[in-house]
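Student: Chain by chain, the residues run as shown.
There are 2 protein chains.
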Amino acid sequence: MKLRLIIIVLFTFAALSAQSDDEKMIKTIFDTSLLNGKSYDWLDHLSNQIGGRLSGSYNAERAVQYTKEELEALGLDRIWLQPVMVPKWVRGNPEYAYIENAPGESTTVPICALGGSIATPPGGVKAELVEVKSFEELDALGREKIEGKIVFFNRPMQTELISTFRAYGGCVNQRYSGAEKAGKYGAVGVIVRSMNLRLDDLPHTGAMSYGDLPDSQKIPAAAISTNGAELLSTMLRLQKDVKFFFSQSCKNLGEVQSYNVIGEIKGSQYPNEIMVVGGHLDSWDLGDGAHDDGAGVVQSMDVLRLLKVSGYKPKRTIRVVLFMNEENGLRGGRKYAEVAKQKGEEHVFALESDAGGFTPRGFSFDCSDKNFAKVQSWKPLFKPYLIHFFEKGGSGADIGPLKTDNNVLCGLRPDSQRYFDHHHAANDTFDAVNKRELELGAATMTSLVYLFDKYGIDKAKRLKD
Amino acid sequence: MKLRLIIIVLFTFAALSAQSDDEKMIKTIFDTSLLNGKSYDWLDHLSNQIGGRLSGSYNAERAVQYTKEELEALGLDRIWLQPVMVPKWVRGNPEYAYIENAPGESTTVPICALGGSIATPPGGVKAELVEVKSFEELDALGREKIEGKIVFFNRPMQTELISTFRAYGGCVNQRYSGAEKAGKYGAVGVIVRSMNLRLDDLPHTGAMSYGDLPDSQKIPAAAISTNGAELLSTMLRLQKDVKFFFSQSCKNLGEVQSYNVIGEIKGSQYPNEIMVVGGHLDSWDLGDGAHDDGAGVVQSMDVLRLLKVSGYKPKRTIRVVLFMNEENGLRGGRKYAEVAKQKGEEHVFALESDAGGFTPRGFSFDCSDKNFAKVQSWKPLFKPYLIHFFEKGGSGADIGPLKTDNNVLCGLRPDSQRYFDHHHAANDTFDAVNKRELELGAATMTSLVYLFDKYGIDKAKRLKD
Chain A
2 MKLRLIIIVL
12 FTFAALSAQS
22 DDEKMIKTIF
32 DTSLLNGKSY
42 DWLDHLSNQI
52 GGRLSGSYNA
62 ERAVQYTKEE
72 LEALGLDRIW
82 LQPVMVPKWV
92 RGNPEYAYIE
102 NAPGESTTVP
112 ICALGGSIAT
122 PPGGVKAELV
132 EVKSFEELDA
142 LGREKIEGKI
152 VFFNRPMQTE
162 LISTFRAYGG
172 CVNQRYSGAE
182 KAGKYGAVGV
192 IVRSMNLRLD
202 DLPHTGAMSY
212 GDLPDSQKIP
222 AAAISTNGAE
232 LLSTMLRLQK
242 DVKFFFSQSC
252 KNLGEVQSYN
262 VIGEIKGSQY
272 PNEIMVVGGH
282 LDSWDLGDGA
292 HDDGAGVVQS
302 MDVLRLLKVS
312 GYKPKRTIRV
322 VLFMNEENGL
332 RGGRKYAEVA
342 KQKGEEHVFA
352 LESDAGGFTP
362 RGFSFDCSDK
372 NFAKVQSWKP
382 LFKPYLIHFF
392 EKGGSGADIG
402 PLKTDNNVLC
412 GLRPDSQRYF
422 DHHHAANDTF
432 DAVNKRELEL
442 GAATMTSLVY
452 LFDKYGIDKA
462 KRLKD
Chain B
2 MKLRLIIIVL
12 FTFAALSAQS
22 DDEKMIKTIF
32 DTSLLNGKSY
42 DWLDHLSNQI
52 GGRLSGSYNA
62 ERAVQYTKEE
72 LEALGLDRIW
82 LQPVMVPKWV
92 RGNPEYAYIE
102 NAPGESTTVP
112 ICALGGSIAT
122 PPGGVKAELV
132 EVKSFEELDA
142 LGREKIEGKI
152 VFFNRPMQTE
162 LISTFRAYGG
172 CVNQRYSGAE
182 KAGKYGAVGV
192 IVRSMNLRLD
202 DLPHTGAMSY
212 GDLPDSQKIP
222 AAAISTNGAE
232 LLSTMLRLQK
242 DVKFFFSQSC
252 KNLGEVQSYN
262 VIGEIKGSQY
272 PNEIMVVGGH
282 LDSWDLGDGA
292 HDDGAGVVQS
302 MDVLRLLKVS
312 GYKPKRTIRV
322 VLFMNEENGL
332 RGGRKYAEVA
342 KQKGEEHVFA
352 LESDAGGFTP
362 RGFSFDCSDK
372 NFAKVQSWKP
382 LFKPYLIHFF
392 EKGGSGADIG
402 PLKTDNNVLC
412 GLRPDSQRYF
422 DHHHAANDTF
432 DAVNKRELEL
442 GAATMTSLVY
452 LFDKYGIDKA
462 KRLKD
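If you read the sequences in order, they're chains A and B.
First residue of the first sequence? That's 2 in this note's numbering, and the numbers climb one at a time after it.
First residue of the second sequence? That's 2 in this note's numbering, and the numbers climb one at a time after it.
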C-alpha cells in the first residue's frame, strides 16, 4: 500500500513537472512570437513588395525566390525547390459591366472574371438575364428558358451560420460549376454573386471549372459585387427584360513551370518521421493575398524559426512547405504528396494555415480517436492563450493528399467573421492583417507542432471515418 | 429501486427537455441578431450622424435624445431620462507639438491633450525633457532634475500579455496620474506615450487627474503617438538637451446637466428583481466612439429588442441603462446606483459591454461561487457560438457601484487584440466595427440575460473576495 502510494506520488509529480515544462515552452513560444516574431515583416514584404501571386505569374516566381532566401537565412538543415507544373491564367484588361434597362440607359456594376474563365467576345456580350438561386432551379427552367441568356446565380451566403466557412461551402458550387451547368443549356454567360457576407462594392474572384464541357459550350463567367447583385436582382423584379453587358479578356495560357518551396529541420531521434507545416504561396491577383494565404505562409515559416529561437531540438523532422497553386489547381499539394510517396517518406503529421491571419481559436483535426484524445489532453496548455477550439473536421486542401490510415492532419482555425469580407477580393491586403493576431496564430501552430513532436502520434490505424 | 430509477429517468428527461428549450431559445436569439439585428444600424447613426460624444457636449445631448427615441420605438414598458451632472471639458483648438534639436531645426509630432488637462500658456510651452518609465524613476530623480522640464512618460504596454486590457492596466497610471506626480516636482508639462500596442501616428487621449494638487502646481498633459514616442526617445538618446514644444487650449468648464437613458420591460413574475444591461453613451471626441462605447450602447439596446422579437416574456424586470460620463467622471454609473439605493430597488444582475464591438469570447463575472457554478453549467449552451470564456474577474466601471453581497455583475469579453489600436483615438470609427461581430456580441449578451432571467440568481451572500 505504501509503495503504491509512493508510486502514485512520483507519477503525479512526474506528470506535473512534465506539464510544467510544456507550460514553460509554450509560454516561451508565445512570448517570442509576440516580442520577436518575423511573420509580420515577412508578410509586409510578400504583400507590399511583391503583391498578388497568381500561379505562373512573375510575382509568384518572385515569391518563390524571396521565401527561399528568407528560409536560407534561418539556418535550417535543408532548403529546396520542388518543381511543379501549374496552369497559367491571366486576367487581361480590367473587366467592364453594366445593367441596361433601356438603350442608352445603363448602370455600371463592379465585376471580375472568375479564375479559369474564358474571355467574352472582343466586343463583350449583352443579353437578357435569368436569375436563379440553385442548380435545381436552373434545371427546372431548362434549355428553352436559358438559351441565349446570361444566367445570374444569386444565392447568398447563409448569414445565420456562425462558421463563415460553412456559409461559403453552401454557395461556392455556383461559382465553381455555374458556367458548366449553364453552358450545357446554351447560356451565353454567367454572373455569380460574390461569396461575401457583407454588402459592398467589391467583386470576389475564385476558381471555376468547365468540367468536361466541349469548347463550343464554354461561356465566360464573372463575379459581381454583393451590392451589384442586390441591385441587379431588384431591377429584374421591376423589369423582366433588363439586359446585362460584360466584357473581359482573360486567358488560359496552358502550363508553366513553378515550385513548392520547402525547408526542414532534421529530427534528432526520428528523422524519418516527417511533420509538415504549410500554407500556399500563390494567391489571387485582385488584392495582395495577405490573408489568403500570405498569413499561412509566414506563420508556417515562423513555426520553424520559433522552434529554433526557443532552443528546442525537434525529435522528428519538421518541414515547412509553401505550396504553389492552391487557388486554381492544387498542383503543389498533389505534387508534394506524390513525391513523398515515391520516396517512401512517412508523414506522421501535417498542419495547414489557410483560413486568414485573424485571432486563432484552435484547430480542426482529421485523425484517429486516440490521437484526438491526446489533443484533448493538451487543452489546458492552450487555455492561457484563449485557444479553445479543438474539433474533428477538415484539415486543409494542400495537405489533404498526405492522408494515411494513421497520421494526424489538422488546420488552424482563426476567427472567421471577417474572412470573407476580404477573401479573393481587392481588399485582401496587408492593412487588413493585425500584427498580434498573426503572431498569436504562428505561436499557436508552433505549440501544437512542439507537442506532437515531443509526444509523437499514436500509430494505430484509425477506424473508418 | 424501481421507483428511484423512474425518478432518475424522469429527472433526466426533464433536464434534457429544459436544455433543449434553452438551446432553441438561444438559437432564435442568435439567428434574429444576425438576420434581423438593429445594433449595426443604430451604431451607424450614433457614429456617422452624431459622432464623438464627450460628456456635456452638444453631441452627447443629441445621443441622449436619439437613443431615447429609438427605445421609445421598441414599445418597452417604460423609458425615462435620469438627470446627472457631468463635468464639461473641451479640447479647444487642435494641439500642436514639435521636437527641437537646434533653434529652427524641428520635427512635428502628433499629440492630443489628455481629458481634464489644463491648457498650455497661450504661446505654448517649450522645455528640455526628462524621460522616465515609472513613478519610481521619477521619484528617484526628484525636484532637482525635474523642475522646469517636461516629463516624458514612456513605459510601453506589455506586448507579451495575451489580454490587452491587462497590458493597458499596467501602463495607464502614467496617463491618469503622471501630471499630478510630475507637477509636485515642478515640471512644466507632461507628455505620455499613447496606450497603444501598435506603432502608428495616432495619439490616444483618455482621462487624467491632478488629484489634490493646488492650481499653482497643475501642468498641461498630452499624449504622443507611439511612433512619436519612439522618435522622441531615440532623439533623447542621441542628444540630451533636445527640447519639446507643445501648445493646447483645452478647458475645464465646470459641471452641466446631462442624463442616463433608461428603458425597461417589466417582469411578469418578479418585477422587483431588476436586471440591468448597459454601456456608456459618452465617448471621447477624437473618433466617433464606435467601439468605445457605441458598440456597448447599441448591443444593450438590442438585448431588450431581441428578447421582445424572440417572443420571450421576462420574469424579472430587464432594464437597459445607457450611462453618461463613463470616460471622465463615472457620474452616470454612480448616479444610477445612488438612485437605485434611495428607491430600495433590488438589482440582482447587471451586465456591461464596454470592451469593443469585436467577436465575443465570453464574460467575466463578479459573483458568488454558487452563481458562478450556475454559469459554468450553461457553457454547453454557448459552445455552438464559440463562446468559451467564463471566468471570475472584473465586470464593468458603470455597473460596479451596483455591487451587493449577493448579486451577479458581469462584463462582456470580446476578442481584445485590436481594441487598443482604436481606443480613444481618431480611428475609433464605425468602419472599424464588423457587423457580424457586433451582432454576435448582442446575441451573446441576450442569451446570458435570458438564462439569468429564467433561472434567477442564488441569493446566498458571497464569501469575502
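Please note that a few of the clues may not be correct.
The list makes no distinction among identical chains, and a pair is therefore deemed to hold if it is satisfied within one copy or across any two copies.
Calculated cross-link-like contacts (lysine to any residue; reagent style SDA-like; alpha-carbon spacing at most 25 Å) [what the hints assert, rightly or not]:
#1 K39 - T235
#2 K462 - S311
#3 K384 - Q240
#4 K342 - T109
#5 K404 - G312
#6 K309 - P123
#7 K69 - K309
No lab work stands behind these hints, which were simulated from the structure alone.
Student: Quick check: which numbered hints come out false for this structure?
Tutor: 2, 3, 4, 5 and 6
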